[in-house]
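**Student:** The residues making up each chain are set out below.
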Amino acid sequence: MELLIKNGVVYDPLNEICGEKMDICVKDDKIVSKVKSPKVIDADGKLVMPGGVDIHAHIAGGKINAGRLLRPEDGRKGTEPRGKLTRACTGYSVPNTYATGYRYAKMGYTFVMEPATPPLLARHTHEELIDTPILDNAILALLDNNWMTMEYVKSGETKKLAAYVAWMIKAVKAYGVKIVNPGGDEAWGWGKNVNIDDSVPNFDVTPRDIIGSLAEANEMLNLPHSIHIHCNDLGHPGNYETTLKSFDVIKGRSNKNRQVMHATHVQFHSYGGSSWKDFESKVDEIAKYVNVKKHVTIDMGQVMLGDTTTMTADGPLEYGLHTITGRKWTNLDVELETGGGITPFLYSSKVAVNTIQWAIGLELALLIKDPWKIVLTTDHPNGAPFITYPIVISLLMSRQKREEVMANVHKAINKRAILPSIERELDWNDIAIMTRAAPARILGLDRYGKGHLGVGADADVAIYDVSPEEKEAKKIQSALLRAKYTIKGGEIVVKDGEIVAVPEGRTYWVNPEFDGKPTKDMLGDLTGKFEKYYSVNLANYPVQDAYLPHPIEIKTKV
Amino acid sequence: MQVTLTPKKAFKVPVEAEAIKPDNFAGKGKSEIESIALWHGNKEVKLGSLFDVKVEGVDKEGAKIVIEGDASRIKRIGEGMTSGEITINGNVDMHCGAMMSGGKVIVKGDADAWAGREMRGGELVVEGNAGNYLGAGYWGVEKGMRGGVIRVKGDAGDYVGGHMGGGEIIVKGSAGLLPGLNMSGGKIIIEGDVTLPGGEMKNGMIVIKGKVLEMLPSFRFEGTEIIDSLKLKKFTGDLTRGGSGTLYVNIIPEE
Amino acid sequence: MTITDVLCPFCGALCDDVVVEVENNKIVEVKEACEMGVSKMMGHERITTPMIRESGELKETTYEDAVDKTAEILVNSIRPLIYGWSSTTCEAHKKGIELAEEMGAVIDNTASVCHGPSILAIQNVGLPSCTLGQIKNRADLIIYWGSNQAEAHPRHMSRYTSFPRGFFSEEGRKGKKVVVVDVRKTTTVEVADEFIQVAPGEDYPVLSALRAILAGEEDIVPSCVGGVSKERLIELVEKMKDARFGVIFFGLGLTHTRGRHNNVVNAISLVRELNAHTKFVIMPMRGHYNVTGFNQVCTWETGFPFAVDFSRGQPWYNPGETSAVDILNRKECDSALIVASDPAAHFPRKSVEHLAKIPLIQIDPYPNPTMELADVVIPSAIAGVEVEGTAYRMDKVPIRLRKVIEPNHLSDEEILGRILDKVRERRGE
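Respectively, the protein sequence lines represent chains A, B and C. FYI, the numbering for the first sequence is 1 to 558, going by our numbering. FYI, the numbering for the second sequence is 1 to 255, going by our numbering. FYI, the numbering for the third sequence is 1 to 429, going by our numbering.
Be aware that a few hints might be false.
Now the in silico label distances, taken between C-beta atoms and shown as ranges [as the list claims (entries may be wrong)]: (1) C:T4 <-> A:G497: 49 to 59 Å; (2) A:K471 <-> B:T82: 31 to 41 Å; (3) A:W276 <-> C:E231: 38 to 48 Å.
Rather than coming from a laboratory, the hints here were simulated on the basis of the structure. Positions of the beta carbon are idealized from the N, C-alpha and C atoms, including for glycine.
Just chain A, same shape as in the assembly (with noise of 0.2 Å):
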């Protein structure tokens, strides 16, 4: 099968190629440089772009489905009937499987991150991504306030500590490490809840302990991806401070492809302010940080005004939301690994708070200088559902539309947010980056094929009905929204917005190669933990082959 997308006007940031107009050539699943017989796909005046990549959205596993669970009333919004192709839709902020697959098409994305999987759950997960329609995927692992991880980390032991990230990575098909207020979940597991610089009960390490020991085990086993942290203190006033800190945890380390810490939703962490009453951005000394250093990049975890559903391994996090707004609220606690919680929540343009965060991610994505180094993302659904990318983007591609919004919010964000001064538009480029080529290259998937359209990359595109000239906010927004064409592994999966193929996707995982004496001593200290702690046993941990019908392994090397 032969593609010939003709004419578009591209956008291939990892190939610095920057809105010409030319020819992209599809053979089977690749990009190649001739076809001999292809179809053509008119692109003339369109824009052409590679497959979206999101870095991080809670599409599968537990913690969504407990969400979905939790939800009928959303679950009832969107619904959709069966299509010939399709299968029924349903949710808004807490989609099925099969609209979260049709939807992310839909707006031209080819790749999700599903980013905190507790590895006792994982297979979970994978279920859940089976029945994902045509996205490409994978699965960060929760190996934070995990016991071993901590035992390893309090006696230095960073040899063992990195064999027993291996093993885990490998055991449930994971593609990295994510990291959530280390330390935090643990401390949950009694009510409680620590800071950077706490001491975790009972286990006598820091978080701060924990994230340089899981950077050193993340970089010596040479993964693709770098750790991937939701700081510690999340979501409260004036915890831009901690934010700072653990990007500083590991300031002297780098890697040559990549960051050595992604930091995620960092909106939900750059907040200054000794209370709500005080709350302000302080988008100005995160993006100071960012713009000098080299060892961090992030997303942005956009907070949109209206209702979602939160739901994060941060357990004490979403407590603490529950008793702001006393809505319902589902715990997740996981044995010797993690925690969880989910909460519904509203952020109105009348609540000072949420209008500045609404404000503040807009600010990362304009006040940090380099693309690169920040990704697109809601945190799905935390600050608001994927479905509202395009917004988004119309957002830090128009003040005008900024000021429109901001005319009918709380007026505190004149005071307490910088958002009002900033006049930075973002163009294509800026968008492709940040929507692409930047998530694939902080991934590491850009060595895969994903995040670009050069030769022998996936043949995963994207095709807007929109001129590169379009300013219009709406126009962009329906455009984005309906992709004229997605093409996905050489097929074409979505016509004039329409699903019109629907293949599985492919789950990559990593496979790190570390054997010898400290995997042999991890072994029989892991051995030790199933048999006295854990409520499964060690025989029936590690995710079958038969959960990853389409696997991608990537193989790496110490």
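Assemble the complex: chain A is given as a structure, and chains B and C must be docked to it using the hints.
**Tutor:** Here is chains B and C on its own, set in the frame of chain A:
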């Protein structure tokens, strides 16, 4: 204009008929009305295949719909209606008048469960008895009924006005278990007897003019007041979670 | 041959430490499991061959004809009901949901008659919970409310709660308090430290009283609530607040008595409010080994956990309307397909009467009362013994069921796949 619908037979598999509402009939002739789509089980069917349709008068002040015969297996009549009037000369199935925001529905017989679910405005009159979840919310919603009036001449089932946030429900007879559950606004008046009223009540008012067969242990007695010329005992609660709802009761059980 | 780390396909505790001895493709011994688990795995009378009822008698037939007859019945229905699912794999659930969607059917599982009310309660207030290992390692106060797990989940206490020594509970049983709240003195009481007897149907007011006391409103609580003295209630609240890590496990004594899901709302709310004082969690004692799994799969595939009506293409969820018992009581459905469950034995009489009147298909390894009413009977392999696949433990931990012997029958998943193909063929798709 008046449209009279007569079911051609008694249905076993329920008909889903939210399309039967004045908003949808206004300005339409007989054949147009007959071609309105309804659902019968998993089949989409034309209204005319299930009902005989009679149209009288012309459309000036909104349509009035009259349903003759047995509607006890016709669900969702008047769901989401904003204006006009529907009279059902018999019993009606679930979700009658659900999510309505205006107009009036009169049920001459009994209404099955979820009548007036999540109502926003308008008036729903049930001359017979109402089933469970009268004027209640949908699963998971924090506010169910927010406006409008529901009047029941007979009895009502369990969970009347669950999650009610506004509007008024008046039951002339008795009601079942836990009326006013999770109520945060609005008013429920029950002239007969009930059991365990006001569970999780945050705000709003419940008036029980008959007897409460069993009281919750989490309401505070505040004294007596005269309401509608009845001397009633006043309680506040539900204090399980600091609620400030008001519950008036005529007769409480002896301890 | 000895096979270790086998999962027990019986109750929601989903023990995964069973040892099975197999000789000549026959299980000769089952170790570590409870009596009920042993009995299930050792096996008993099976349906040997597919059957179709002709003039009142079940007559032996082929899989092909039984599947074709099933497709014919389903295609000719306008409101088919597809029900069961709690004793089979998630892989079978997926096929069942696809079939329901394709047919415009209502699909429901046995939660509808056990912990369905718990799910409705969660949708109202959420569920502060955790995995069972968390309880094993941390809990020092364990409350069983309306649940006699000594009989229903025999190894629950020894594996996960009262008895095991955990990381923070090295003393095992000695360091833990076990309280039973129930309407009668169950066998669980024998191994508990305390028993609180509640009058039948009075759980809701008792829970309200506990919450009022916890909220500092004890002055308004009457001297006796639901048969329990105020002093006793105050004492229990103090005990709960003093725990380092407390847990309430609840069963059908809460979900199927007066107040139903609202009892559970009240219990969950109590636990939620206890978190202002200490760590507290709550968990439903799910019955069948994979009842939780169906709710999980159904939720991610349809957006809703059970009682999903696909008649209009997009799912409509409304337990009380779209749940199996209600649909049968109201005589709404015009055919039914039952998979891996036995409604004729467990449903109210009125429901069973309608089941007897409509075309009925049964897919199950075992003969049971539902088979006596069925028009088509399709035997299946036993999931977790003859078929591998996914199951979710009561705490939503997914584990893979092992296959220990080769089946002589098709799996539920295969049978449903064949039915789906036949349905499509009959509709000319």
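**Student:** Is it true that the C-beta distance of K471 (chain A) to T82 (chain B) lies inside 31 to 41 Å, as the hint says?
**Tutor:** holds, 38 Å
**Student:** Honestly, do W276 (chain A) and E231 (chain C) meet the 38 to 48 Å range at C-beta?
**Tutor:** Holds, since W276 (chain A) and E231 (chain C) (Cβ atoms, about 41 Å apart) stay within the stated range.
**Student:** Verify the CB-CB distance for T4 (chain C) and G497 (chain A) against the hinted window 49 to 59 Å.
**Tutor:** holds, 53 Å
Of the numbered hints listed earlier, not one is contradicted by the structure.
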